[in-house]
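Engineer: Next come the chains, spelled out residue by residue.
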Amino acid sequence: MRLFSSLCLLLLALLSVVSGRSAVGDRVLVILEDESQKGLYSKFWADLEDRDFKLSFESPRNEQLSLFRHGQLAYEHLILTPPKSKGYGPTLTPKILLDYVNAGGNVLLGLSSESGTPSAVSSLLLEFDISLSPDKHSIVVDHFNYDKVSAAEKHDVLLVERPGQLRPDVVNFFGGEGTLAVPRAVGQTLGPAIPLIAPILKAPMTAYAYNPGEEAQSVEEPFATGSQLNIVSAMQARNSARFTVLGSLEMLQDKWFGATVQLPGGKTSKTVNQEFVKQLTEWTFQEVGVLKVFSVQHYQITTASEPSQNTTQIWEYNPEMYRIKNDVKFSIEIGQYDRTHYVPFVVPDTDALQLEFTMLSPFHRLPLTPSTTTDNSTIYSTTFTTPDQHGIFAFKVNYKRPFLTPIEERHQVTVRHFAHDEWPRSWAITGAWPWVGGLWSVIVGFLLFVLLWLYSEPPKEEIERRRALSVSTS
Amino acid sequence: MAASTPLDPFLRGSTSKNTRGLLRIIILCTIAAAAVSARLFSVIRFESIIHEFDPWFNFRATKYLVKNGFYSFWDWFDDRTWHPLGRVTGGTLYPGLMVTSGVIYHILRLLSLPVDIRNICVLLAPGFSGFTALAMYLLTSEMSSSPSAGLLAAAFMGISPGYISRSVAGSYDNEAIAIFLLVFTFFLWIKAVKNGSIMWGALAALFYGYMVSAWGGYVFITNLIPLHAFTLILMGRYSSRLYISYTTWYALGTLASMQVPFVGFLPVRSSDHMAALGVFGLLQLVAFFNFLRDQLPGKQFQTLLVALGGTIVVIMFLGLVALTASGVIAPWSGRFYSLWDTGYAKIHIPIIASVSEHQPTAWPAFFFDLNMLIWLFPAGVYLCFRNLKDEHVFVVLYAVLASYFAGVMVRLMLTLTPVVCCAAGLALSYILDTYLYAQKPVEESASSDSNGSIKASKFSANSALRSTRNSIVGIYSVVSKSVITSMVTGFLLLYVAHCTWVTSNAYSSPSVVLASRLPDGSQHIIDDYREAYYWLRQNTPSDARVMSWWDYGYQIGGMADRPTLVDNNTWNNTHIATVGKAMSSREEVSYPILREHDVDYVLVVFGGLLGYSGDDINKFLWMVRIAEGIWPDEVRERDFFTARGEYRVDDQATPAMKNSLMYKMSYYNYNSLFPAGQAQDRVRGSSLPAQGPELSILEEAFTSENWIIRIYKVKDLDNVGRDHQSAVSFDKGHKKKRKPGAKKGVRVLREE
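Chains as they are written, first to last, in the working numbering: chain U, 1 to 474; chain V, 1001 to 1752.
Just so you know, these hints were derived from the structure itself, not from any lab. Heads up, a few of these hints could be off.
What the hints assert, rightly or not - With a straight-line Cα cutoff of 25 Å, these simulated PhoX-like cross-link-like pairs (lysine-lysine) come out:
#1 K95(U) - K136(U)
#2 K95(U) - K1732(V)
#3 K95(U) - K1715(V)
#4 K1715(V) - K400(U)
#5 K86(U) - K1713(V)
#6 K95(U) - K1713(V)
#7 K396(U) - K1715(V)
Pulled out of the complex, with its shape left as it was, chain U reads as follows (with noise of 0.2 Å):
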């Protein structure tokens, strides 16, 4: 059964390859309010439509327009850009937007400090903590990183390096040679302690939030200032879906692809914002970074019994129940899409891949070790004796990363405790002999006694006594 709905998955994968290069499927909604604006954009869309996704444009003053068609996602991918007014309108409520996120949908959010950015999305975007300063129009300013060919005055036009390695365990989707042009940036900050969100693009140590408008306040007191402060963010959600926020929609704009920029005593340069938003919507609709799990298997190994097998036998593959101390095998089956399919998943060096073996507690944590590598994926394996504590126990791989599909596998077993004929035989150990022999010696010596009575009875007087038995009888 489940390699049958495991055929089906790959199936499936196999037709989403044949339709698009997402995992997920090749619908892009675009809202866009100003028709006129699309032009702008024009290479975006082009680098789009080559990996052939369908982009649809909606105005959100559209009132037909839904994220839904009978209750499933009617588009895969979403790209708002921020709206003239005050919000999306009814159709594109907070509530919406959470919903279609919840339902697998990925989004990604474009900013503008020009427009500012409407309440309802601040608030939205409050609920995965990542916050946006109070100031409507406070944009990304550095005095050191600016371009001086298009912002030699106003230094909001920043100019950083394409993002490093987040942490030593972690994949870099976003990495490269190169320099991004940020203009007009609206930065934002990441709440401490969730788990889901991370930071791509990080602000210069040198920068800081600033509104051009009402200098004296900001200036005080910044919203939020250096490696704080981020220009593109993304949230990973538990289904994983992806949201994205980008702080400046103006790099998308065809001038700034391949535009020529200088730092402040540096030479000038051509920047790569079209590598890298490839590389971010590529994230983000989910064509690089999807793990997926294709089986899991355990089994117990029972060593052969005699010397002439020398091979191990397998009962069951993925049994309910197991007995304290047997010897089980755990594999894993997972691989990673990337762009057109799914290709062996490796683990960084620098991390690894664990099974825990939990009652309550984990009991055994062990590192998952590749031992077969497909076409499409790797087999992880480990094997284990199960602890001498019965109860019902998982099997658990809980490996999240940022930017990588959560894995959380859960598959419950039971383990028994011995049963009454599993036990070594009392012969069997040697520190029970003097009580079998006690116990031997004591049958035999009341056999013996019972014989001795009978026996040892005088026997005139039986005979006397048969006499008169019989005598009296008679």
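Assemble the complex: chain U is given as a structure, and chain V must be docked to it using the hints.
Structural biologist: Only chain V this time, still in chain U's reference frame:
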């Protein structure tokens, strides 16, 4: 046995014995039939259903046994209770009941009578009560030479409410067969002591083994028989009969009891069993000294007795103390302590004190359960003293012990009932024999029947002086005889009426189904329990884990067939306390507990709408107390009482109460049933706050027709990482406030 029956002169002769024997058999069969039929009220009133709580487990275990065979039952690891600990059920139950039903089931199938296992389970208790009446007849007949004593005792036993309370049809509990085994083992023991026979002793051991496999109350036998032997030795009644019967019983019985996995090595390790072992050793010593006395002159023997006996006693006592202190012999169990000190459990083991059947008995219960037997009982015990043979000593001891225990714990009324019936049978048969058989000690009327004796007495009375006319009111006169006989008959009739009334009204309710009366007097069945359990059965995945208070664990396992966290087998106090903590804490505290234990559904019982007082809010303090026993810092009973020491659920309720999960689950949405601000709790008789409680970590899944059972589903973690409270407030349209501390104070920086 063959007492003469002068009332039946026409039966005198060679056939009389057979005729009386036949009559006796017919009477006994009638008694057994009456015993069985009295217990069928519950089936007639309600239906053929398993009752209460524990029987549901026994029923489930029996089904498992019938389905999977004996060996897998023996090794049964139950992964559907005590999640995630599981329970080694095969090794922690008394299998006698299930095996008995299984054997009956297979025998019936062998006879081509395929009977549903449920019907066997429902009718097992009534069936065995018939056997109990027979065993009572045998036991009492050993005590008295009068044949009527046994028959009366059997009749009493058959319909006594004290016994019926645990053995109506559907009450498929261990006691159903255990009382029969108790009485029959005592009969065999008496027989063994009387005859000094190895065979009877071995039979007693055999049935003792059966009793051990059937009920934890076997400890009563384990202590009563040694006590009897010990008392006989103290009374100087040591005999080889006693030696043979006791040693046979102890050796074989202990071996037999050790075959039950749940008992295992307890007979040599636990303090409860030490008396039997001690008396066994004492008997050997007494026998040895008896042997020595025959061999030695008196003076030397006395010296030896003092020296050797004293040394042995001291050594054994020291050994016992040392073993107990070192832990080889298990200390007394908590249930045992609560037998001596009724306040003990309340202080130390709330989980034992929380069970209603472990409470001390109320006085009226004795009259309710035993009616007129309770005042015949002392008379019967007195009669035992008058004719104090070995077996009468047994009855006296049994009477004393059982009366004490019955006073301490309600459920032990069950062990008192047999001896009360026995003693009452003795007393009543003595009275009847005295008045019905007594003849005036005048020679000419001695051999005649009652008519003749009456005539004779009248004649003699008339011929005597006035002062001797007293004899008219003496026991020989027809007046006194008829008065006494009719009084006794009246009492017996009243007893039967009382038993029938009690059985039909008090003891036949299955408690799974509640009955109430409509205004027109017709019966109305409230079936919320089964409605809810079947909802669970049909609407949840088969491995959905249900958390509830332990009272309902067996029923959920039996009726809904879903895994539970805790159940009525209260083997793990910490696990129960965990559930208690989850119920009595705030939502934020409870949620991690629920997640950790993989809980999918939470079930609460709420009686506020119907006025059903056995609901969870009324049991709530026990949950708090049990949780406080493990986490005294986190759960405090005091917090659930108002400043004036009241336990309230209305506006005045304490914050701990109002924020507890149990309170919220009970009253969630309850306001919507009433006009605004008029919500009323009919059990506590208080009006509820206008604003009902809000739940964020749970969502209501099911509420039964009369709101008795409410089932909540535990929400999954929020998809975007919020806590449930803010997720709920977002769904309601409240905007999240920016953190007030963001502007002033230290900023919390994010580090990767």
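Engineer: Each hint needs a verdict: does it hold in this structure or not?
Structural biologist: Checked hints:
1. Taking the CA atoms of K95(U) and K136(U), the gap is near 22 Å; set against the 25 Å cutoff, the hint holds.
2. Of the pairs offered as hints, the one joining K95(U) and K1732(V) holds, with about 10 Å between alpha carbons and a cut-off of 25 Å not exceeded.
3. Distance hint between K95(U) and K1715(V) is fulfilled; the C-alpha atoms sit about 18 Å from each other, no more than 25 Å.
4. Restraint check: the Cα-Cα separation between K1715(V) and K400(U) comes to about 21 Å, which is no more than 25 Å; the hinted pair holds.
5. In summary, the hint linking K86(U) to K1713(V) is not supported, as the alpha carbons are separated by about 38 Å, beyond the 25 Å threshold.
6. A distance of roughly 23 Å separates the Cα atoms of K95(U) and K1713(V); the hinted pair therefore holds under the 25 Å criterion.
7. Between the alpha carbons of K396(U) and K1715(V) the distance comes to roughly 20 Å, so the proposed pair stays at or under 25 Å and holds.
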